[in-house]
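Chemist: Sequence:
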Amino acid sequence: IRDKYLNKNQYQKVMFKMFNEKKFNHKAFYKHLFMNKYDLFQLKKLGHSIGLHSHEHPTLMENLSYEEQYKEYRKNMEIFMKILKIDKTEIKTMSHPCGSYNKDTLNILSKLGIELGFKQIMDIEKDKGMNKVNNSFLEIARQDHSKIIKMIN
Numbered sequence: 006i007r008d009k010y011l012n013k014n015q016y017q018k019v020m021f022k023m024f025n026e027k028k029f030n031h032k033a034f035y036k037h038l039f040m041n042k043y044d045l046f047q048l049k050k051l052g053h054s055i056g057l058h059s060h061e062h063p064t065l066m067e068n069l070s071y072e073e074q075y076k077e078y079r080k081n082m083e084i085f086m087k088i089l090k091i092d093k094t095e096i097k098t099m100s101h102p103c104g105s106y107n108k109d110t111l112n113i114l115s116k117l118g119i120e121l122g123f124k125q126i127m128d129i130e131k132d133k134g135m136n137k138v139n140n141s142f143l144e145i146a147r148q149d150h151s152k153i154i155k156m157i158n
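The sequence shown begins at 6 in the numbering used here and counts up by one.
These are computed hints drawn from the structure, not numbers from a lab.
Some hints here could point you the wrong way.
[As the list claims (entries may be wrong)] Below, in silico cross-link-like pairs of lysine-lysine (DSSO-like), each with a Cα-Cα straight-line distance of 27 Å or less:
| no. | residue 1 | residue 2 |
| --- | --- | --- |
| 1 | K116 | K76 |
| 2 | K49 | K76 |
| 3 | K108 | K90 |
| 4 | K93 | K76 |
| 5 | K76 | K90 |
| 6 | K90 | K13 |
| 7 | K49 | K36 |
| 8 | K49 | K97 |
| 9 | K97 | K116 |
| 10 | K49 | K18 |
All chains, full assembly: derive it from the sequences and hints.
Modeler: Shown next as structure tokens:
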């Protein structure tokens, strides 16, 4: 429903209505649900590569215009550069939100200097022009964590 029938504002209105009905204080859970500046610094300090994932995490990136996609990744990059006090040459990786991307996405990522991108799709998607699992360095397949947990249990 979120991805096909509601726009962002409609979806948020429904979510906040449900939060209110259940007396769920979403602001109290932010620190448990989202990374903060300290978390980013710690990851960098531990030697991890910090990669892009978009600014507002659209679930269907492939449906956004070139300009909208560019804004998503550029804003994400600018925030990381500001927080971590790095330049864009230090951001070389990314992960496609919900595995959603298209040729525009790949062009944008290349333009931003991204060299390695991950998708959580392990299948060959012929309808997206794929002829193998890993079609470029910006489309490296990885197993989605939810599937790994299901396989373990």
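Chemist: Indicate, hint by hint, whether the structure satisfies it.
Modeler: Structure-based check of each hint:
no.	hint	verdict
1	K116 / K76	13 Å, holds
2	K49 / K76	24 Å, holds
3	K108 / K90	30 Å, violated
4	K93 / K76	15 Å, holds
5	K76 / K90	20 Å, holds
6	K90 / K13	31 Å, violated
7	K49 / K36	19 Å, holds
8	K49 / K97	13 Å, holds
9	K97 / K116	11 Å, holds
10	K49 / K18	36 Å, violated
The structure does not agree with the numbered hints 3, 6 and 10 stated previously, though it agrees with the rest.
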